[in-house]
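Using the hints, position chain B against chain A.
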Amino acid sequence: MAAKVASAALGAALLVAPHLLPTYYRSLALAILADVALAVSWAFFSGPTRYLSLATGAFFGAGAYTTAVVMARLPWPLPVVVAAAVAAAMALLVGTLALRLRGPYFAIFTFGLAELAKHTLIWYETGVTGTVGRLLLNPPDAVTLYYTVLGVAAVAVAIAVWLPRGRWGIALVGIGADEERAETLGIDTTRIKITVFALSAAVMGAVGGAMAPRWTYLDPQVFNPLVSFQTVIMALLGGATTVIGPVLGAVFLGLLSETLLLQFRYAYMLSLGLVLIAVVLLMPFGLAGLRRRRA
Amino acid sequence: MAQGGGDRSRGGAQAGLGVTLSPTLLLDVVIGGFTTGGIYALVALGLNLQYGLMRVLNVAHGEFLMLGAYVTFSLHTGWGVNPLLTLLITGPTAFAVGLALHRLLYAPLLAGEAAESLESRSLLLSFGLMFVLQNAALLIWSADLKGYSYLAIPLRWLGTVFPANRVLAAAIALALGVAFYVYLRYSLTGKAVRALMQEPEGAQLVGIQTSRIHGLCFGAGLAMSAVTGSLVSMLFELTPFMGLPYTVTALVVVILGGLGNMVGCLMAGLLLGLVETAGVYLASSDIRLISSYAVLSLILVLKPSGLFGR
Numbered sequence: 012m013a014a015k016v017a018s019a020a021l022g023a024a025l026l027v028a029p030h031l032l033p034t035y036y037r038s039l040a041l042a043i044l045a046d047v048a049l050a051v052s053w054a055f056f057s058g059p060t061r062y063l064s065l066a067t068g069a070f071f072g073a074g075a076y077t078t079a080v081v082m083a084r085l086p087w088p089l090p091v092v093v094a095a096a097v098a099a100a101m102a103l104l105v106g107t108l109a110l111r112l113r114g115p116y117f118a119i120f121t122f123g124l125a126e127l128a129k130h131t132l133i134w135y136e137t138g139v140t141g142t143v144g145r146l147l148l149n150p151p152d153a154v155t156l157y158y159t160v161l162g163v164a165a166v167a168v169a170i171a172v173w174l175p176r177g178r179w180g181i182a183l184v185g186i187g188a189d190e191e192r193a194e195t196l197g198i199d200t201t202r203i204k205i206t207v208f209a210l211s212a213a214v215m216g217a218v219g220g221a222m223a224p225r226w227t228y229l230d231p232q233v234f235n236p237l238v239s240f241q242t243v244i245m246a247l248l249g250g251a252t253t254v255i256g257p258v259l260g261a262v263f264l265g266l267l268s269e270t271l272l273l274q275f276r277y278a279y280m281l282s283l284g285l286v287l288i289a290v291v292l293l294m295p296f297g298l299a300g301l302r303r304r305r306a
Numbered sequence: 030m031a032q033g034g035g036d037r038s039r040g041g042a043q044a045g046l047g048v049t050l051s052p053t054l055l056l057d058v059v060i061g062g063f064t065t066g067g068i069y070a071l072v073a074l075g076l077n078l079q080y081g082l083m084r085v086l087n088v089a090h091g092e093f094l095m096l097g098a099y100v101t102f103s104l105h106t107g108w109g110v111n112p113l114l115t116l117l118i119t120g121p122t123a124f125a126v127g128l129a130l131h132r133l134l135y136a137p138l139l140a141g142e143a144a145e146s147l148e149s150r151s152l153l154l155s156f157g158l159m160f161v162l163q164n165a166a167l168l169i170w171s172a173d174l175k176g177y178s179y180l181a182i183p184l185r186w187l188g189t190v191f192p193a194n195r196v197l198a199a200a201i202a203l204a205l206g207v208a209f210y211v212y213l214r215y216s217l218t219g220k221a222v223r224a225l226m227q228e229p230e231g232a233q234l235v236g237i238q239t240s241r242i243h244g245l246c247f248g249a250g251l252a253m254s255a256v257t258g259s260l261v262s263m264l265f266e267l268t269p270f271m272g273l274p275y276t277v278t279a280l281v282v283v284i285l286g287g288l289g290n291m292v293g294c295l296m297a298g299l300l301l302g303l304v305e306t307a308g309v310y311l312a313s314s315d316i317r318l319i320s321s322y323a324v325l326s327l328i329l330v331l332k333p334s335g336l337f338g339r
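Same order as they appear, the protein sequences are chains A and B.
When you line the first sequence up against this note's numbering, it's residues 12 to 306, in that order.
When you line the second sequence up against this note's numbering, it's residues 30 to 339, in that order.
I should point out that these hints are in silico values taken from the structure, not numbers from a laboratory.
Each hint should be verified, as a subset may be incorrect.
Unchecked claim - Derived list of chain A stretches under chain B, where covered just means 3 residues or more per stretch with a C-beta under 8 Å from a C-beta of chain B:
#1 97-111
#2 122-129
#3 274-287
Stated by the list, open to error - Okay, the calculated bits of chain B under chain A, using three or more residues with CB under 8 Å as the criterion:
#4 127-139
#5 152-161
#6 164-172
#7 322-330
The C-beta atom is built at its ideal place from N, Cα and C for all residues, glycine as well.
Only chain A is shown next, with the shape it has when bound in the complex (with noise of 0.2 Å):
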C-alpha cells in the first residue's frame, strides 16, 4: 500500500515537474530520465536471462540517427516510434544471430556490432551521401520533449514490472538458470529470447528518437559505446534482477555524469571504471542484492 502511494505521488511529481523546474534542472531530469529507461529495459532481458548485452550503444544510436533522418518529414512523436521500430527490426536480426552464442562471445558480439554500424554509417555518409552529420532544425519544445522521455520511460518500467509476472517470465529467468532444461521443458526459447531482446532494444531506440532533437547536430559518433557500458553500470549497480534496482543506478549514476561529466571530464571517466571494478568485486548482486541478503 505504502509503495503503491509512493509511486502515485512520484508519478504526480514527475508531470508537474517541467512546468516548475528551471530550465537547468529539467534538462537534467530529462537525462535521467532517459537513463533510467535504458537501464530499466536493458535489465528486463539481460537480468533474468544473464545474456550480457552490449548492444544498448548501437540501439540507442540507431534511434537518434532515425529520428534526424525523418524528423523533418513526420509530425513529432512520430519519429520516435519509427526510432523504436527500426531498432527492434535492427535486434531481431542481431538476435537471430547473435542469441546462439552465450558469455563473452555474446558480449564482445553485441559490442562489436555498435562499433561496425558506426564504421559502416561513416563510411557510407563520406562515401554516398557526401555529409558527416545530420542538422536537426525546428526541434520540439523542452517540455514537449520531456514528456516524450517520461512516456518512454514509463513504458520501459511497466514492461518491466509486468513481464516477470507472467509465463514469459518465467521462461526469461528458466533460460538464464539453464537453457538446455528450459527447451526440454517445451519452452520456446528463441522466440522469447528474440522477441524480449527486440522488445528491450525497441525501448532504447525510443530514448535515442526522442533525446536527439536535444542535440542540433548529429553524426556517427551518437553510437557511443560508452553509453552501451553506463547502461550496464546502473543495472548492475542497482541490482539488474529487480525493477527498482536499474532505477536507482540510473539516478545515482545520472546525476553523476551529469555533474561531474562536464567539468572533469577524464578524471570522471576514471572514477567510473573504478566503480565498475568494485562494483563487480564486491556486490554482485547490486544495491538491491545487499538489502536482500541483509533481509
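Frame of chain A; chain B shown alone:
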C-alpha cells in the same frame, strides 16, 4: 602520390580497378602483410594466453600496448633512451603489473563462488580497467598525437621499398612470439601451463599450483602487449585511444586461430596481416576497421571454435 614511409597514405593512390598484379605489388603485399601480421601475432598471443588459461577475457589488453608505447615515447624523447632498449623496461614492468593485478582483482574473482557468471564479470572488470587506464593516459599525456622518428630509413629490395623500422619491429615481434612458443613447449613451466589448459583438475591433482601459474601467465600476457606497444611506437603516432583497435584485432586473431591454440594464433596473426594489407592495396584504407569487425562477427556466428579449431 609518392610511396614513402607513411604507410597509411599508401593504397589510396593505387585504388581502383586498374591495379595489375605485378610481381612487385605481390612482394609489396607479402612483406607489408608479414610486417603487420607479426605485430598482430604478438599482441594476440598475449591475449590468447590469458583467455586460454583462465577463461578471462581482458578487454584492457590493448591499453597495455598503449601504455608501453607511451612509456617508450617518454623514455626516448625525454632521456634519449634507444627505443629498442626500452623493451627491457616496458616488458618486465608490465609483467610485474600483471602479477599485481592478478593478485588484487582476478584471483578474488576466480576464487568466488559464482563460477557460471565468472566470464561476464571478468569481462566487466576489464572494461573498468580499460576506462581507468585510458583516462589516466589522457590525464598524463593529453589527447594530442605524439610520435618520434626512429630508423625511418628506406630499405630497397627487388624493386620494392620498405622503411627499416617496420621490418625490424616485425622481426622482433615474430622472434619473441616464436621464442615464447618454444618456451611453452619445452620448459617445465610451459608444460604446467599447457597441462592446466587441457585438464585443469588433473593438473591440480599432480601438484601444479593453479594460482601461481595464472598470475605468471597474466603477467606474461601483459608483458607481450606492452612490448608490442614499444615496437608500435616506432612506427605510428600515439593516442590514448589506440589500444581498443588492437584489442579488437587481437580478438579476431584469437578467435580465428582458436582459443588456447598458440600455433593457430601465430598463423592467424600473419594471415590477418596479409588479408588486411591486400585489402588496403586493392580497395581503400577506410574498409580496414569495417572488415575486422565484420570478420569477427562472421567467425563468431559461423565457427566459434576458430579456423584451426577442432
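Hint check:
Remark: the stretch 97-111 of chain A is confirmed as covered by chain B, as 3 of its residues place a Cβ nearer than 8 Å to a Cβ of that chain, reaching the required three. Restraint check on the stretch 122-129 of chain A versus chain B: 4 residues with Cβ-Cβ distances below 8 Å, three needed, restraint holds. Interface restraint, the stretch 274-287 of chain A with chain B: holds (9 residues with C-beta to C-beta distance below 8 Å; minimum three). Here the stretch 127-139 of chain B counts 3 residues with a CB under 8 Å from a CB of chain A, which clears the bar of 3, and the coverage holds.
Counting residues of the stretch 152-161 of chain B whose C-beta sits closer than 8 Å to any C-beta of chain A gives 9, which meets the bar of three, so the coverage hint holds. Under a criterion of three residues with beta carbons nearer than 8 Å to beta carbons of chain A, the stated coverage of the stretch 164-172 of chain B is upheld, 4 such residues being counted. Coverage of the stretch 322-330 of chain B by chain A holds in this model, with 6 residues showing a Cβ closer than 8 Å to a Cβ of that chain against a need of three.
Of the hints listed earlier, there is not a single one the structure fails to meet.
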